[in-house]
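Take these sequences, add in the hints, and give me the full structure.
2 protein chains.
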Amino acid sequence: MPVDLRIGPALVVPVTAAPFEGWVEVTGGELVHVGPEPSAAPATETYDASGRMVIPAFVNTHCHTSQQLGRGLADDVGLLTWLHERIWPYETALDEADSEISALACAIEQIRNGCTLIADPGGRHVDGMARGIATAGIRALLGRSTMDDGEGRPPVDQETTAQALDRQDELAARWHGGAGGRLSFSYTLRTLFNCSDDLITATVERARALGTVAQMHVAEIPEENAYARATRGTSTVRHLDRLGALGPGLLAVHATWVDDEEIELLAARRCPVSHNAASNLKILGTPRIADMVDAGVVVGLGTDGAPSNNRMSVIDEMWLASIVQKGLRRDPTALPAEQVLRMATIDGARALGMDSVVGSIELGKRADLVVIDPRTPNFATAADPVSALVTALKSENVESVLCDGEWLLRDHRLTRVDELAVLAEATARAATVRERAGLRP
Amino acid sequence: MPVDLRIGPALVVPVTAAPFEGWVEVTGGELVHVGPEPSAAPATETYDASGRMVIPAFVNTHCHTSQQLGRGLADDVGLLTWLHERIWPYETALDEADSEISALACAIEQIRNGCTLIADPGGRHVDGMARGIATAGIRALLGRSTMDDGEGRPPVDQETTAQALDRQDELAARWHGGAGGRLSFSYTLRTLFNCSDDLITATVERARALGTVAQMHVAEIPEENAYARATRGTSTVRHLDRLGALGPGLLAVHATWVDDEEIELLAARRCPVSHNAASNLKILGTPRIADMVDAGVVVGLGTDGAPSNNRMSVIDEMWLASIVQKGLRRDPTALPAEQVLRMATIDGARALGMDSVVGSIELGKRADLVVIDPRTPNFATAADPVSALVTALKSENVESVLCDGEWLLRDHRLTRVDELAVLAEATARAATVRERAGLRP
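As you go down the protein sequences, you meet chains U and C in turn. Our numbering puts the first residue of the first sequence at 842, with every later residue one more than the last. Our numbering puts the first residue of the second sequence at 842, with every later residue one more than the last.
Calculated directly from the structure, the hints in this document are not laboratory data. Since the model is a prediction, treat every value here as computed from it, not as a measurement. Check before you lean on any hint, since a few could be wrong.
Said to hold, decoys possible - Selected chain U positions facing chain C (Cβ under 7 Å, derived; list incomplete):
#1 874
#2 913
#3 1152
#4 1167
#5 1224
Yeah, the Cβ is synthetic: ideal placement off N, Cα and C, and Gly gets one too.
Below you can see the structure in the form of structure tokens.
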């Protein structure tokens, strides 16, 4: 029996095992051979990877696909202006067709940055988002932005707890397992400011029943903890624990403002954290990620959305997370490259409950791989190619990307879509959305 | 009379004036026309820049070209290990031919990141460095790494004050004004740990006489200020001021650990600062750059060297400096994009005493320009293209680079050198240097 695809000879970096010079083979989208020599089987397709590296595709644990048309809408403004005067008007103006192009353009940026699995914390037009992502071909945990409580919500977001849950059930029925299994539905919670305890409890339960994680922005700003104390009598993380929500089934996004005891709590409950270094620096503050990792918390990396980063690249997030945590601790040994590489791959997959499917190069896992060309001025002379994946890699090194055994990028070209045509439409729609929202930066 | 080169129609961002849709024309390497319409003259060459942006080339105010072969040599280790066990053995093992390839590979990375002017704080083999840079075609302030004092210097670096100065005079005579005026010589000082007061005073005088700036690593770590107090009775910046060294003729590199009074002193003496955001986070600590800018200090951006960054890109430094200062102040309005863009262009040129030559698009200046292609997923949808130059730009957007009226990069291809051949030689030499230095990371 021939294998579908043989890639090699390359420096293979499985992440969960030591790097080696060798081969990776794929059949039916599954990794069927990983080793220093190719198997004896003939191959339907061979990819000559001489001088290249083969790594697991990156995982982006926090990726607002519906904000892709809002890049640069909120540069150099404070948090309240950012949210109330820019993001909410933008999100309200976005229609379903816009959301589809927004998600597609975002997915293209993910592919070009070697990422094939994202967790989307939710938009308004999930059908559009799902279609955009399915067109691009990457994996996603889809979400619907959910709020049932609190002040300041746009009128269109005013709904009851039951409505918020019903609409998500409907979307889960429609999209969970879609696009040949590459799409999952993930119940989401915006923040404690806008979610009732009933919604939190029911959301985590429903995600558990569906076999996915729930996503929630947690302890983003000091004011959130103050609000939690005023309305619930304790901080966000402690309150979530009291509700029984803290666990492997809840992805705590940001966790910017947590104290030592809360870090211990996240570790003890095996509650994963999504770290978004750029967005944190730009708006929220910098969380103690190195301390969380030392405490045993599973941490993945995320880009957040285009208006808050503004680069939607896990590659840039690796470099940034690495040096920012060294700076925060004033210790160049903090968060070493090997750890950051795990955060961008297997730990990201674990945070999304998908580490048995992707996140490393192991027999039996799905074939989500990136072929890296190190022959660029930023990378070629690096002493340790594995460390350089974190410290020196850039999107220009991403030569080819495989998702579920299918090439989404091959020799720097997207295989499924006309990239320039999509970007031209995205650019035009972004301008129209700004116009409709009355936003002229 | 025909013009040599006409570029347009593009969004032209002069930096020192408002952006406009129009044309830029070059004759004899000089900007001879800048405006919304092309001139009436015929053009020998026309560059169709429809849908593109034209910006001044970036300035890298701190770029150790001789460390390019040492990328990744010192990841995830403390400062003393970094310097004594990795960098000094590496630098000692580097020969002149290595230095030439190191500088050439570094210059290639600069070109691909839109940078045509660097300040090199100095290596051991200046002739090799100069040849490498001249081959690539960019501008540089060359320097020789100079130490005449203090503990721990490698034996080969043990020289007297007179020797240190004589060797620099010789190099200045050989290289200042070389490569058709693209090379200048710049007297350098390593740090206060390793430079006597006589050397500092004489160096600044000689740089002034030559019409260039002197470069010095200043107040890098708290221990340096403690050493300054122990040996000179006051902190580094205050001591330099007492010596009469602080002024437009001294580039203070890093200035990581300075207090309010020292910031005022830097501003009052018009002493420019080179800010290296990535290297600072990785090793030194983060300086209060937004506070310096508010106080009136001229700040340029720098990459430092490949072992301490590890990306040698002013583009990445812009993004990083912007979000790190916002994070440091916990204020998203700190260091707005327009300011960061100035730091990467005109203020960088000013810091190197070259703002009458390059750093902006103005009639009569030399033609150091970058053509930006915004049609990539990271940039296309941005609300404000000028802000996006700081927040979203990546090296893949650098389509073409002009230096002194000559294309060094044209349609993503280097014009002067066989890039892959140079990188292959650099990779091989990097391995040999590590071998000679006994370094096996």
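To see whether the hints hold, each was checked on the structure:
no.	hint	verdict
1	874	violated (29 Å)
2	913	holds (4 Å)
3	1152	holds (6 Å)
4	1167	holds (6 Å)
5	1224	holds (4 Å)
In summary, the one numbered hint that this structure violates is 1.
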